[in-house]
Each structure stands twice: as structure tokens, then as C-alpha cells.
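Trainee: Can you make the complete structure from the sequences, with help from the hints?
Just so you know, we're using this note's numbering here: the sequence shown kicks off at 32 and counts up by one.
Hints are computed from structural coordinates only; laboratory data are not their basis.
Note that the Cβ used here is the ideal one computed from N, Cα and C, for glycine as well.
Check the hints yourself; a few may be wrong.
Said to hold, decoys possible - Simulated pairs of lysine-lysine, PhoX-like, Cα-Cα distance not exceeding 20 angstroms: (1) 97 to 69; (2) 78 to 153; (3) 97 to 44; (4) 229 to 207; (5) 153 to 44; (6) 49 to 207; (7) 516 to 554; (8) 547 to 501; (9) 44 to 69; (10) 153 to 97; (11) 547 to 558; (12) 480 to 492; (13) 480 to 516; (14) 539 to 501; (15) 558 to 516; (16) 42 to 78; (17) 504 to 492.
What the hints assert, rightly or not - Between beta-carbon pairs, the in silico distance windows are: (18) 481 to 221: 51 to 61 angstroms; (19) 259 to 73: 39 to 49 angstroms; (20) 221 to 167: 32 to 42 angstroms; (21) 339 to 255: 18 to 28 angstroms.
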Amino acid sequence: MNQNDLVNLLKDKLLSQKSNRLFIDGAWGIGKTRAIQKVEEELNGKKEFIYISLYGLQNITEFRRKLQIEIAARLKYSKKITNNKITKWIIELFTKGFKDSTSKFTGISIDLLELIAIELPKNTVLVIDDVERANDSNFQIELLGTIENIAGEIILIGNIQKIVAQSSRFQESLEKTIDRVYSLDRISDELLNSISFKNLPENIRDQIRFFFNDHNKENIRTFIKMNGFVLELSETIEIQEEITVIACAVINEYYLGHFEIKKRIDYEGENIFKINGSYSSDDFYKKYSISAFRNFHLVRMVVDYLIEGKINKDIYFKKDERDEDSLFIQDLKDSLYGTEENLIRTLNKLKEIIETNQFEFFKTFQKSIVAISWARYNQLEYNIGVISEPELIAGMERIIRFHFEENWNKLKSNTVIEDFFELSPDSLLPHDVFVHNEDLWEIARRLIKEYETRIEESIFKEAIRRQDYKSAKYILRNNQTIISKNFELYDRISQDLRNDPAFLNFLKEITESVIKNDQNLSKILSKKLRDFLDKEKDSLIRHRIEMLIGILNVGGDKD
32 MNQNDLVNLL KDKLLSQKSN RLFIDGAWGI GKTRAIQKVE EELNGKKEFI YISLYGLQNI
92 TEFRRKLQIE IAARLKYSKK ITNNKITKWI IELFTKGFKD STSKFTGISI DLLELIAIEL
152 PKNTVLVIDD VERANDSNFQ IELLGTIENI AGEIILIGNI QKIVAQSSRF QESLEKTIDR
212 VYSLDRISDE LLNSISFKNL PENIRDQIRF FFNDHNKENI RTFIKMNGFV LELSETIEIQ
272 EEITVIACAV INEYYLGHFE IKKRIDYEGE NIFKINGSYS SDDFYKKYSI SAFRNFHLVR
332 MVVDYLIEGK INKDIYFKKD ERDEDSLFIQ DLKDSLYGTE ENLIRTLNKL KEIIETNQFE
392 FFKTFQKSIV AISWARYNQL EYNIGVISEP ELIAGMERII RFHFEENWNK LKSNTVIEDF
452 FELSPDSLLP HDVFVHNEDL WEIARRLIKE YETRIEESIF KEAIRRQDYK SAKYILRNNQ
512 TIISKNFELY DRISQDLRND PAFLNFLKEI TESVIKNDQN LSKILSKKLR DFLDKEKDSL
572 IRHRIEMLIG ILNVGGDKD
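Mentor: This is the structure:
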């Protein structure tokens, strides 16, 4: 339950006029004591509360003494407990702060307080805090025996799991003594709102609360420290939500004990933490969905402020010069480590881009394919079904097509066709981005090859049309099979070549290339040329065909 549930329940219990012995169980820092204080506040004087912490007390005797003093301080000189002179003297002595009664009566021990029966005043609630921090397990068990003999309403606060780990007997004694155990396992938003720093902007307070609920949920002291740290930063720089998240993350990890912050920072390196155990800087960035590339300087700024209490703005505030699509791709990668809500939001944005053909958003093919592959990996990892596999493959196909068509449109106005082939398929499509999904990797490679072949054919035909035989040969160097789909080239051998004398030399060169690289294609081409020869009557054209067949025969085809 959370604090609101607990407060309402305890108010009803304490107003029932019954003698209750209750135990509030929960992790350290989750707000157990604050919940009791809230009960006291809302009861508005209908009950008096006595708080005693076991922290620092050595044994049950010290507890009894402290409790008697607290009771005496509230009922000092009341007729009920001051009829006896020795009792009155002890109360006065201890409420004045004396620590040793032996200075008054030789041989009379301070344990005289134990002679006085413990009785809680009417409408008083005894709250015993930090039970797990008692000096030893015997003390804890004796405590249960003591409160069993105290009439009135008693609330114990502690972490049962830790206590039982110290003494297995405690659980049995607890069940005999305590009427009811209530577990506090989450912190209410109402409580967080009530202790948020009101001099922070509302959106920043909300951001701190959202962060706390996502990444901590248990230690309210850490929440207060997050508020305080962000407030300190706000007095030096303008606080934005991104800096708020980083500040909260640094505080959270610092108090979780995952790292100690280095006093000296290498400004060229990314290791800004002295790591405890196996925790690493990468773990930090991934855990909180913080982009190491974009926010490294901001993280250093926050860490430096935590150490030095000052900020060098000239070092840390650097404009990110990357374009919008680069930042979105980074967000896609970062979303892998983010909350499910952040992941769904990012993937939905990608889906919208795919569905609306906003491919100009991606300036390079590599960024596009990285986005798709990471989206697919995230879908498998979280199983949230934002993008189905058919949608994903269809989107990837459209992006690949867009990439090649965009490049083809550029090439039509540029004679340097070699530029198109500067990147190999493997460099366009790095295997490491598909490391989590080999099937998608194979599909992507197949799609790339299909579109690459289509565009190569288009470029080849365009180069022939422009009589750019250098570019055409360059394309054939990468893909000889284009010839088998363009045998009509050899039909041009019968045309008047006076306006294009280079064409015949081009046919010779590509025929020689076929011989060197593809014997099967050489046989097919040889048969095709012989068919041409059988049908041709013109002696000049027959000579040209025989010349090409001769080239093929020299290469080994004597059929």
C-alpha cells in the first residue's frame, strides 16, 4: 500500500478506542515515519504521539528508561504519578537532564526507573521507530515482550526482512505480540507532491516525480535530495527537463552506491565515474536513456557541480550541430534502454514516417536502415507489437527503394556515375546493427541487392543513351549479368556507327570482359551472336559479328 492508504487505515484504527499493537513494515527511506506524522497531523490533537528511535540504544533497559522519561516529560508533577516521593525525585532528576543517579544515593542504580510500571497516558500513541537498527536480536525480541505488557496503542516501524535476517526467532515473537502488520511498498504521488520543492517550476517538479517513480520508488530521502540538487542547479543555470533527468540520475546512482564520482575528469574521455563493482558508465547512460553522444557534456557539468559547487558554462553548453534526422536516429537507439512509454512513442513516430513516405527525413541510407533494425530489435525485446513484421519489411523496402531512386535522380544530372558505387552494400548496411536479428539482416541484404540491380540497369541504359561508355563499363565491372538482360545492345551492331565510332570498341571490350569473368554468359552470348550471323546478309555487319565471335572463341568457346 502507499502512504495515503496507510494514513486512512491508521486513523480509523487509532480512533476506534481499542488497544492496538501494529507494525509498519517497509524498506528504509520509503516514508514510514512520515506516514505516521501525517496521521498525527490529520488527527489534529485527538491523540498524543511519543516517538522513540531504537537507533543508538544498547539494550531494553535503555529503551525503558527513555520511554519513562518521555512519559514523565508529558505528565510531570501530575497527581497520578507523583504521590511517591522517590518517583517524583527520579522524574525531576531525569527531566532536568541528569545522567547518573548515584551522585545522590550511593548504591541506588539508575535502574530505579524500571521499578515504575510503564503506562501510557490516555489518548497517547507510542511509536517505536528503527526496530531493525536495534543493537542486537535479543534486544528486538525483548522489546516485543516489553510492549506486550504496556497498555495502550503502540506502533512499531521497521524492515521485517532485515530483522528476520538477524534473528529467525523474531518472526515467531512478532506473530504472538503484534495484532496487525501493514506493508508500505510504494510512495503516493500526493506525498511526493507535498514534499516537492515549491520554488521549482511545476514542470520540473513533475519531471523529478516521474523520474523517481520510474527509477527509485522506495527512498523518499533520495527524492528530497533530487529536489534539492535540482534547485541548487537552477540558481546557476536555466533548468530544462533534460538537465533535470541527468541531475536526478546522478543523485540516484550516487546514493545507490553504484559509483563514486571522480575528483579529476579527463575531458577527452567518457569515464566520469569511479565504478564500484561491475557498474560502468555505459550502464549509467543505458539505464536512464541518456544519449552519451548528445549529453556527455551535460553529465560532466552536473557531476562537476556536485563535486565543486560551480559550473563553467563555456565548456558545457555546446550547440549540437547534427541535423534532425541524426538526432531522431539517436533517440531510436536510446529508446532501447528507455521506459516502455518512451519506446512506444519513438516507434510510433518511425511508423508514421514509414506510412507517410517522409523519407526525406532520412538523409542517408545507413541511418534509415539503423532505425528500422533497432525498431525491430526493440519490438522483439519488449514484445509491444507497435510495428508488425510485414509492416517493418514493407517499410524497409520502401526506404531502400527511396535511397536508390534518390541517388539515381542525382546521377541523371551528374556524369560521375562512379560516385554511386563508392559505398559497398556492406558499408551501406553494417552487419552490427542487425546483430540481434539475422533474419532481418538477410531480408535487408536481399532487398538492397534487388534494388541495386534495378538501379544499375537503369544507370547502364542511361549511360549507353548518353554514349557514356566509360560509366557503362564501370557498372558492368560490378554486375556482368546486366548484359544478359540487355542483349539488344548487340542489335545495334547492324546500325550505321559513323556517328558513334566508340560503340564498336565498347562492344569489343565488354565481350572480352565476359570471357574473363563468366563462362556461362560467354556461351549464351556466343549462341546469340551466331543467331545474328545466320540471319545477317550484309558483309560489313557479318564481319563485325564474326569479330566478336572470334573474341569469344579465343576465350575458349570453340563451338
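Trainee: Hint compliance check: list the failing hint numbers for this structure, sorted ascending.
Mentor: 1, 3, 4, 19
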